[in-house]
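Number of protein chains: 4
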Amino acid sequence: MIRFNCDYSEGAHPLILEKLAQTNLEQLPGYGLDPYSLQAAELIKQQCQTPQAAVHLLSGGTQTNLTVLAALLRPYQSVISADSGHINVHETGAIETTGHRVVTAPNSEGKITATQIDRLCQAHWQDDNPEFAPQPKVVYLSFPTELGTLYSKQELLDIRRACDENNLYLFIDGARLGYGLTAPGNDLTLPQLARCCDAFYIGGTKLGTLLGEAVVIVNPKLQKDFRYFMKQRGALLAKGRILGIQFLTLFTDNLYLQLAEHANNMAALVRQACRQAGFDFLCDSPTNQQFPIVPNTLLKKLEQQYVFSHIEPVGKDKTAIRICTSWATRKEDVEQLAADLQRLSGK
Amino acid sequence: MIRFNCDYSEGAHPLILEKLAQTNLEQLPGYGLDPYSLQAAELIKQQCQTPQAAVHLLSGGTQTNLTVLAALLRPYQSVISADSGHINVHETGAIETTGHRVVTAPNSEGKITATQIDRLCQAHWQDDNPEFAPQPKVVYLSFPTELGTLYSKQELLDIRRACDENNLYLFIDGARLGYGLTAPGNDLTLPQLARCCDAFYIGGTKLGTLLGEAVVIVNPKLQKDFRYFMKQRGALLAKGRILGIQFLTLFTDNLYLQLAEHANNMAALVRQACRQAGFDFLCDSPTNQQFPIVPNTLLKKLEQQYVFSHIEPVGKDKTAIRICTSWATRKEDVEQLAADLQRLSGK
Amino acid sequence: MIRFNCDYSEGAHPLILEKLAQTNLEQLPGYGLDPYSLQAAELIKQQCQTPQAAVHLLSGGTQTNLTVLAALLRPYQSVISADSGHINVHETGAIETTGHRVVTAPNSEGKITATQIDRLCQAHWQDDNPEFAPQPKVVYLSFPTELGTLYSKQELLDIRRACDENNLYLFIDGARLGYGLTAPGNDLTLPQLARCCDAFYIGGTKLGTLLGEAVVIVNPKLQKDFRYFMKQRGALLAKGRILGIQFLTLFTDNLYLQLAEHANNMAALVRQACRQAGFDFLCDSPTNQQFPIVPNTLLKKLEQQYVFSHIEPVGKDKTAIRICTSWATRKEDVEQLAADLQRLSGK
Amino acid sequence: MIRFNCDYSEGAHPLILEKLAQTNLEQLPGYGLDPYSLQAAELIKQQCQTPQAAVHLLSGGTQTNLTVLAALLRPYQSVISADSGHINVHETGAIETTGHRVVTAPNSEGKITATQIDRLCQAHWQDDNPEFAPQPKVVYLSFPTELGTLYSKQELLDIRRACDENNLYLFIDGARLGYGLTAPGNDLTLPQLARCCDAFYIGGTKLGTLLGEAVVIVNPKLQKDFRYFMKQRGALLAKGRILGIQFLTLFTDNLYLQLAEHANNMAALVRQACRQAGFDFLCDSPTNQQFPIVPNTLLKKLEQQYVFSHIEPVGKDKTAIRICTSWATRKEDVEQLAADLQRLSGK
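Chains as they are written, first to last, in my numbering: chain F, 266 to 612; chain P, 266 to 612; chain B, 266 to 612; chain U, 266 to 612.
These are computed hints drawn from the structure, not numbers from a lab.
Please note that the accuracy of each hint is not assured.
Copies of the same chain look alike in the list, so a pair counts if it fits in one copy or across any two.
What the hints assert, rightly or not - Taking lysine to any residue and the SDA-like style, the derived pairs with C-alpha atoms no more than 20 Å apart in a straight line are:
no., residue 1, residue 2
1, Lys-486, Glu-396
2, Lys-486, Arg-339
3, Lys-489, Asp-393
4, Lys-565, Leu-609
5, Lys-565, Gly-611
6, Lys-310, Asp-518
7, Lys-486, Asn-432
8, Lys-489, Arg-339
9, Lys-489, Glu-396
10, Lys-596, Glu-291
11, Lys-489, Trp-390
12, Lys-581, Ala-388
13, Lys-565, Gln-391
14, Lys-489, Asn-394
15, Lys-612, Ala-542
16, Lys-418, Gly-450
Take the sequences, apply the hints, and build the full model.
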């Protein structure tokens, strides 16, 4: 079976394993204070062009989201998210467990708009008793979104404006950040994105590391005591080195973006093959996740050899699936999938 | 100004004040262990025909909802509610602060259905990874709803069936319970409602007491250690007697239902007057809350003499308002309102 | 049976009931925005000489402690308390439920010292990894303490100094504040105490109201959005008037301090009688709680007619008990107790 | 500099890195459902002789403690721990953040006794109002303790008896479990320890893995829905394989115990050298942590070449330090330390 169901089916990029092995017997301080973690943080700040930022390395996406939001919100404040946002659909209510409501806005291809944010805030503040509802304080976006789509530069600037006008922080979940930055049509650079945010993170787990997400707290007012939050939530690894070494490797010689670009290229081949097979798509994604709508009979045959994620039934006869590529996707596997699609669809 | 904006504009029914004064200098045990509280609990169990129930007296609705749900849910479980439910719109995220997600279903005139509950549960359990979302465990209803409407006996039995099939508890917010039980067209008795629930409460604050809600935990499995939950949430009054005395008074000689019936009768007069004035209604409520849609020009004139709650704009020129009656509403005030409506509407 | 076990055995002072009855049918806004609540707040600010303070009325002590501490602490911060502090021994872990550790220091007659606070803070900040322990941020004191004792002006100023030097807030639990302010030997006035604190509260439940505690947030930086905290914790009563009316009555014509003084006088008679009976005391309390150590044989006889609280066994043959007086204690009851003590002790 | 300050200064045992590299490009399911994780769980159950247990792999100690305790405790329940317990001194109040109080008992060489547990429970249940304090429900022990000491079989059986009689669960923190099982004088086997517990964990981070702790939930009643707890706390790694592969390696061919034994042997050499240097010890530890009390002048010289942890000053002139060995400690480094100790102490 060839797995196209997600972007974390393999271990780590070989250079990362190599670097872990090379440094393995070095004796280093724990808890993220080793030189590799510090260098990784420096490198990330440089590449983000945010010298005043604070960078912390955590293990996974849910942990990162709950820890950052715990630090950004007071107990009575809420976070605004697309209804399709990861914190709303795939984290077992981790944010609510932290005490906060996720206020959702209906997504359009995975995205929300500045106007939606404005309206939610107006509804809150114009109520006779604003204090009877959680106070919106953070906007949570994903770049790329759960549906693989991207905010344009203008859309992000509009959202930043909405945040400023409504006294909100902007926090971007970049679990798949690299796939977005290297996607065809993307008009945002890493420094531009960083400048727009109060905090964001650069995902490793879904882009070539064994584990790890690099949080960049851009807004200096939000940096204080963040290590307390990490420790308290079980997010401060004793051997922080393993995160530092991985991110140092990713951010050396542009590896991070190269891996992402490879995945996007593989996804483009998948997209093309799906189009040729006559499939519609749930949405128009330029990144490593593709969401074709596949006839069930054909899907059944494909699934004898490939693993996909099922997203939702479309009508009686079709299913929207997710086909994911990654840094590790082999071109021959994609070509085989394309050939099978052509053969099975008769197109 | 005459206040029709809510059902808690006055203090308590005079019989309650009288009884508080009569007993004032009696020396009694604290924390709900006084004879009045115990008698009130017994009386409530009798009138609910639930001899095995546990009854506890708390202060207000939000406190009651958060304390009961803290006791009914494990940390990863969620409560299903109408999107219009009090816990979703008027409690500052108290349930989320307690660590739980409120999973909402779109309301129809304030109500949700057994089918909606079934679907939410199916969606949860049919997911490849149910553990990636909070597990639904409680259904929260209001009787009457926030829009003054009522579940019929059949609707409630259907929801009970959905709860049984999906392994859910049923918890009914009865902040205005009496208004529902005495409403024209209601086909549910207090014992029938009690038998349907795992837990519910009988509201005092909005029905004639200074404060107080009587929680009835019908399901014996949920009764253990509830006083710990109360104390921990600040819900165990030192002078519990003041709750006991009030509920004892309300449940003696049928006072509770008489007060509710009076309010419903007053609301019927309001409804009639609104109809004669040609107003539409946001929904068809047989209870003490009426939701007429009033032309803004007329509303402005009315509001020189009356206080209402604004619910939402309807089109450009009208506003849905809430007109509330209560145990304390004077017939002459309603008649004056009716006369003013007739005069101002010219109908 | 005559109850001396606590100071909340009766209802409310008759003037309070009278005022509740007088105003009962007035239609007033809810949620603490009625004129009585606003006047009570003004009066309290005047008498505290803290014009810039914010005053909020809540229901009970545990509710007040958890709500105020939720507002004063970030998630990783802790509160320092005497091990005998109410938040540590009588609130079912309400503070921990709110997410915070109570860091305890051993009490001396119910009190802690500036030096103890300094040491706890030094221990925290001198650790190699301060972020591995909760960060101390609030000092919680009771005035009077759980043992009825008082901080002197100098002790309180020293603690204020410790708070300033260690960047801590000072929060005083005044559930029995009046008993302290009117105690013989007390050298603190209400304005002096208020000026020392970041926040404190004036207890009503244990000093003559049906329920209610008046929180005074002295530090303007801590006042923002406090009503959100109240609502979220179920601490915002719909009929806030009943708190407003009660505190307005207490703070008119000096009633609050008069009631306290009466209780202290009654306690002085108790103390004298206990001394004459030859009892030692657990501590030297000048306020309404007395802690005599009573031979068990004698205690058994007394308890045929009186109710006391048992505190702890002292040796094999004696028990430290609490004898409480209150605004409602009748002189004839105290005299009867004194006579019985004399008779039974043979002294 | 040679680091003896902790047991997590290096990466992972080379066999683990090798196995990670070998399997790196295999495509596997995520979230702990890969065959390596499942095999590791099976192997652990076999070696514990607990076929009915559930095994889950988490990242680190704090995460494991907070997740397990969240699953074992209801919101009003507390955990009993030695005051020196990791959850009390090194986790930033993670347990309190989860809503629970840590009730501490004074440790004796890092340990608590069945009698202390009995007394705490009696104090709770004999109170007039048990519900005014958190209800004790779990006993948390460490094996070995924070001071490197061990519970004997009899001590553990006594504690199990106390747990049974007081209706408590027993949870053992085995962050350094292997060091205990292989220590000279230890009389407990892994199956015996497992049988005594309701839940415990086998630490990897401090015993040769990059990260990872294997939780063994022995009591079937506590196993339900544990993956919800993990996911909600950010403790379910997408690439769960990296934990599975590591624990599979550790539990194959007895590697885990061999590594521990090596560390204990190295620690024995350290202990001997310290004794020869004339040092006293804070406690008598047979495991990989040694706590000699070292003259400050000598310590200063040693610290030009070695890194230790400082525990506490002893008198004016000495300091209790921690010297840790691990699977990775090189015999030549220990011999050099011994030689330096001899030289510097002149003994």
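Evaluation of the provided hints:
no. : hint                 : result
1   : Lys-486 with Glu-396 : between (25 Å within a copy, 18 Å between copies)
2   : Lys-486 with Arg-339 : both (14 Å within a copy, 14 Å between copies)
3   : Lys-489 with Asp-393 : between (34 Å within a copy, 17 Å between copies)
4   : Lys-565 with Leu-609 : within (11 Å within a copy, 69 Å between copies)
5   : Lys-565 with Gly-611 : within (16 Å within a copy, 69 Å between copies)
6   : Lys-310 with Asp-518 : within (15 Å within a copy, 45 Å between copies)
7   : Lys-486 with Asn-432 : both (14 Å within a copy, 18 Å between copies)
8   : Lys-489 with Arg-339 : both (14 Å within a copy, 11 Å between copies)
9   : Lys-489 with Glu-396 : between (27 Å within a copy, 11 Å between copies)
10  : Lys-596 with Glu-291 : between (37 Å within a copy, 16 Å between copies)
11  : Lys-489 with Trp-390 : between (28 Å within a copy, 15 Å between copies)
12  : Lys-581 with Ala-388 : between (39 Å within a copy, 17 Å between copies)
13  : Lys-565 with Gln-391 : between (52 Å within a copy, 19 Å between copies)
14  : Lys-489 with Asn-394 : between (32 Å within a copy, 15 Å between copies)
15  : Lys-612 with Ala-542 : within (6 Å within a copy, 67 Å between copies)
16  : Lys-418 with Gly-450 : within (11 Å within a copy, 57 Å between copies)
Going down the numbered hints, you'll see the structure goes against none, and every one checks out.
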